[in-house]
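**Q** Top to bottom, those sequences are chains S and C. Throughout the first sequence, residue numbering follows my numbering, covering 82 to 221 in sequence. Throughout the second sequence, residue numbering follows my numbering, covering 13 to 497 in sequence.
Hints are computed from structural coordinates only; laboratory data are not their basis. Virtual Cβ for every residue (Gly too), placed ideally from N, Cα, C. One should not assume that every hint holds.
Unchecked claim - Covered stretches of chain C (in silico footprint by chain S; criterion: 3 or more residues with CB under 8 Å from a CB of chain S, positions within the stretch not fixed):
hint, stretch
1, 41-53
2, 57-70
3, 241-255
4, 306-318
5, 350-359
6, 410-420
To be verified - Lysine to aspartate or glutamate pairs mimicking EDC-like chemistry, simulated, CA-CA at most 16 Å apart:
hint, chain 1, residue 1, chain 2, residue 2
7, C, 17, C, 51
8, C, 73, S, 216
9, C, 417, S, 199
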Amino acid sequence: MQKTPKLFVTLLTGRTIEQGVSRELGKFSEEYLDNVAVCFIDAEDLRKLGIKEKTNVLVSTGHGAVVVRAFKSPRGSHHGVIYVPYGPWANAVVDPDTDSIGMPSLKGIPAIVEPALDKPVLSLKELVREQFGKENNGGC
Amino acid sequence: MAVVKHVVCPVCGALCDDIELTVENGKIVDVKNGCAMSEAKFLNYACEHRLLKPLIRKDGKLVQTSLKQAIRRTAEILVDSNFPLLYGWSSTSCEATGVGVELAEEVGGLIDNTSTICHGPSVLAIQDVGIPTCTLGQVRHRADLIIYWGSDPWSAHPRHIERYTSFAEGRFEKSEWKSYLVKTKALAAKKKVESAIRRVAAEQKPHIASPAKKELCPAILKKGRKLVVVDVRRTRTAEIADYFLQVKPNEDYELLQTLRALIQDQEVDVEEVAGIPVSQLEEIAEAMINCSFGVLFFGLGLTMSRGKHRNVDAALSLVRDLNMRTKFAIMPMRGHFNVSGADTVFTWQTGYPYAVDFSRGYPRYNPGETSIVDALLRGESDASLIVASDPIANFPRKAAEHLAKNPLIVIDPLMNATSQVADVVFPSALVGIEAEGTAYRMDHVPLPLRKVVAPPKGLLSDEEILKRILREVRKIRKTRQAEAA
Chain S
82 MQKTPKLFVT LLTGRTIEQG VSRELGKFSE EYLDNVAVCF IDAEDLRKLG IKEKTNVLVS
142 TGHGAVVVRA FKSPRGSHHG VIYVPYGPWA NAVVDPDTDS IGMPSLKGIP AIVEPALDKP
202 VLSLKELVRE QFGKENNGGC
Chain C
13 MAVVKHVVCP VCGALCDDIE LTVENGKIVD VKNGCAMSEA KFLNYACEHR LLKPLIRKDG
73 KLVQTSLKQA IRRTAEILVD SNFPLLYGWS STSCEATGVG VELAEEVGGL IDNTSTICHG
133 PSVLAIQDVG IPTCTLGQVR HRADLIIYWG SDPWSAHPRH IERYTSFAEG RFEKSEWKSY
193 LVKTKALAAK KKVESAIRRV AAEQKPHIAS PAKKELCPAI LKKGRKLVVV DVRRTRTAEI
253 ADYFLQVKPN EDYELLQTLR ALIQDQEVDV EEVAGIPVSQ LEEIAEAMIN CSFGVLFFGL
313 GLTMSRGKHR NVDAALSLVR DLNMRTKFAI MPMRGHFNVS GADTVFTWQT GYPYAVDFSR
373 GYPRYNPGET SIVDALLRGE SDASLIVASD PIANFPRKAA EHLAKNPLIV IDPLMNATSQ
433 VADVVFPSAL VGIEAEGTAY RMDHVPLPLR KVVAPPKGLL SDEEILKRIL REVRKIRKTR
493 QAEAA
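Bound conformation, chain C alone:
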C-alpha cells in the first residue's frame, strides 16, 4: 500500500494540488483532501462505464476493433472531409491539445475548445477591455473582499472558498470559517425561537404580536474578510455569504452598470435596479471602495445570460473603475480542469484562444462565424473529432443534431452520450490518474498532472492517440499526392 502525496486533482479549474491518494494493487483505494467530485473521480475511474477497447460502427452497431484499424478509419474520415471540426481539449493535457492544433492545421479544420460554451464571451470582453487579475495565492493571503457573481463555487469548485478565499487562512487575512460556524449556530437558534413563537401564537388566542423586527447591522460592515454573492437564486454559496444580492434573471448588466455609477459617486434616481434596492447597492459600493484588496470572481451567470460578453465587459469595467479608488482584481471561474490550458495552447500555436478555423490554410478567429456551435447550426461541417468532451450532451440539441449526422470520432476514457452516436471510439488513459501532462489552473498557473496508476492494458494517452492519427493522416495524404502526381 503506497500513499502518493501532492497529487493535482483533474476535475475543476481550481486544480487543488494537495490530494493524497492511497494505492493498493494498482488501484486507488482512498482519497484525502479531495472534494466530493474529486473523490468520485479518483475512486470510480475504473467503473463499468469505462471504455476498454476501440469501437467502430458497422451496420449501425458499435463493434470492437483494433487500434490500428480505428486509427486508419479516423485518418481516412479526416482526410476525406472538406471541413472537419476538432472539439473538446479542456479535460486533457496541454501536450495533447498541442498535437490537436497541429492536426487541425494538417486537415484544414475548425478547432474549438469548451470555452466556446463557457467563458468564450469572457475572452471576447477581455480582448476589448483588458483584465486586471492576479494569482489565487495573492487572493488567499491578501484579499479582504471577495465577490462571487453568477457563480456557485460551493457546487462547481467545492474547495475554492476553503483554499483561496473566505475560509482560507492567509498570511495577512484570516479564515472566516469560525465566524461562519457561529453565524450558522445563531441562525439555527433564531429559527427555533421563531418556530416556538409561532407555536405559542397558534395555541393562544387572541393573537400574540410577534416581536418587532429590528434592522440588523449589515453584515457588510463586519471586520475581516467579507463575502458578497450575486446570483439569480439562493445557492449554497449564497448561504454562507455576508451579503447576498438576488438579481433578476437577465439583468446583471443593469446591476453592474449601476454599481459603476455609484462607485463614481453618481446619483441613481430609481428605487431599485434588477430587483435590488439602490440603498443596498450603495452599501456594496461603499464596501468595494473601502476594501484594501477586492476580488470579483464571475461565472457562467454572466456569460450565458442576456448580454453575454457585454455583461463581462461591464464587470471588467467595474473593476477597472474600482482600481481608481482601491486595489481590485477579477477572475473568471473556469470549469474544466484544463480549459485555461486549452486557451493557452491554442494561443501559442495559432495566435487565438478558441474558435480557430484553418480551412483557408491559415488560422482565422471570428467567434460567431468560426465557433463550433455556429458552424454546426449552419450545417457546414462534414466530420468531427471530439477529444475528452461530450458535446452531444452539452450542446443545444439543434447543434448536436448536425454533429450526429456526419462521421463522428471520439477519444474519451468513458462511455458518454457522444460515444453512443459515434462512428469511431478510442478509449484513452485518464490524464492526471493514468497519464502525465500539464494543466493550467484558472489563474493561469501551470501544474503537473501525475500518473498515479497504470492504465488498463492497451490504453494510450490522448496525446499518443492523436500523434498516431496525425502520422496516419500525413501518410495517407502523401500517398494520395504521389498517386495524383
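Bound conformation, chain S alone:
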C-alpha cells in the first residue's frame, strides 16, 4: 500500500483581506467557509505532498486536527510553513498554552500536513456541533 506523504511544518495563523470581508458577510456564509477553512502552502511543498490546489488536507498539531482546503501561497516562497487564516478552523489546532501571560500561542506552531482526499471540510455549523455538541436548531 502506498504511504500517504506527510510534511512536518510550522503553522502560522493570521489575517487575509478575504477573511476580513467574508466575516462581515456573516460567519455562516459560503464566502466565509471558502476563505477561512483554507490553508496556504508553498508550491514546492504542494508538490512534495503530491496534491494540487483545492485538495483537502488534514492539519494536525499536538492540540487537535482539522480538515481544510489547500491553496498555493500567492506570494513568495515559504518552505515548511503553512498559513491558515484566523477563524474556528485554525483555532481547532492552535496551542492554548499562554506561557502564564494570558496570550495563547497562535503562531509558529509545529504541525503535520497531509492529503485528506476522503475527508470533508466541515461547515462552521458542523464544526461547532462536532466540537461542542450544541447547535442552534431554531432560527435567528
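Go by the hints and put chain C onto chain S.
**A** Chain C only, in chain S's frame:
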C-alpha cells in the same frame, strides 16, 4: 435619498472618519471611501445572519423569547454564578463597556477584552518599558521612515497605508503612490523580459547565458518616505515595500536585539540572524538612524509568536535606543475598531487595561491568572456573558470547550459560532450604524460613532441591554438579601 458624510467606520482600529454613505428608505445603499471590509459591513449589516429576536435555549434548542424574559434569565444566571466571565467589548462603544465593568463589579466576575488574545502582551511590555508614541496625524505629515513589523495592513487595516503612512500626502512628506506605480510597471516589464529570455533560451541550443545579475542600488537609499516590512511571509504589504525582511518564524526577538546592537555601533560577528544576512540588517539600521522621524508599527506577528511580550519589549527598547540618535515612535496595530477604547475604559474604572478580576470585591490584575483564556483552561468559571465578540470561534478549542460547558449569554447583532452554543442570545443594534457611541482609534484619539439608520424594530443598543441587565441583577440581589434577612 440622503448622503451622510464624515461617518466613522466601525471595522478596524484605523477608524477611518471620511466615509460617505447614501441612505435610501432607511437602508444604506452606497458606500464611498470605504475599504472592502468597510463596504461589506455597511452594505450587509441587514443580511440573513442578522439576529432579530432574543433567543433562549429550551430542551437543547434555541427558541424565541421576550426581551423581558431574556433579561430575567440572564440576571438569574449571573447572580447564581460564583465566578462569571464577562468578555468581548472591543466591537462596541465605550459607553457600553463602562456599563459592563460596573456589571462585572456587581456580580464579582472576571472581565476581559479581546486585547487578551491580540495586544495583551504589548500592554505588558509597555508597562515594563514605556512607549514613545504619537498620533497618526503626526505620522501622516512628518514620518519619513515607516516600518511594519509582523503586520499586514494591506489585509487587516486596508486604508492605513493610504491615510496615515506611505501613500498619504502629508504636509511635509509626500505620497509614494506614484513611485509605487512606477515600480509596479517596471517589475511587470522586467518579468516580461525575463520570460522572453527564458523562451528564447528554451528554443535555441546551445544554451544562451542569461544576463549577469547586477546588484541593484538598495531601495532603502531612495529619497522620500521609505517603507520597510518585516514579516515571516511575503504579504501584500511586503509587495509594496522598499525593503522586505523575511524573518524566520519565532525569531523576531533575535532580529530585534541584533538591530539594537547595530544601532549602538556594536559588532555582530555572525553571517546572518533569523535567516537575514547581517549586511542587510546594517543597511536597515543605517536607514533607521538617518531618518528624521521614523515610526514602527507592529502587529500580532510579535505578540503571538514565541517570546510574545518579550518580543514587544525588544521592539520598544529598539525604539527607545533609536531616540538617542533620531526621533522615532512606535505603535501597536490594533485590530477591532474599539479595542483601544475597551482598554481605556477598563483603565478609567478599574485601574487596569484588561484581565480584571472582581471576585474578591476589588479589582485584581495579573494576566496569566486573571486573563480569560487561563481561567477557562483551569476550568474556574461557571457562567459567561459575551458582548460583541465570538470567542467560540476565536479561542483555542480547549479554552472554548469550558465556555460552552457552562451557561452562556451572548449580546451580538449577528448570529455567530458563540451564539450557536449560547443559552441566552440578545440581538443588538449595530454601534456605528444603528446606534451612537464613542470609539478610540489605535493612537488613542476618541471619535464619535454615528447612528446613520434606525435599527430593526425592538432592537436596543449594547449599552441599553447591559443597563437593563444590571438593573435586574441589582433587583434580584436586593430581593434575595431582604428574604435572607
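**Q** Against this structure, judge whether each hint is valid.
**A** Cross-check of the supplied hints:
{"no.": "1", "hint": "41-53", "verdict": "holds (count 4)"}
{"no.": "2", "hint": "57-70", "verdict": "holds (count 8)"}
{"no.": "3", "hint": "241-255", "verdict": "holds (count 7)"}
{"no.": "4", "hint": "306-318", "verdict": "holds (count 6)"}
{"no.": "5", "hint": "350-359", "verdict": "violated (count 0)"}
{"no.": "6", "hint": "410-420", "verdict": "holds (count 5)"}
{"no.": "7", "hint": "C:17 / C:51", "verdict": "15 Å, holds"}
{"no.": "8", "hint": "C:73 / S:216", "verdict": "8 Å, holds"}
{"no.": "9", "hint": "C:417 / S:199", "verdict": "31 Å, violated"}
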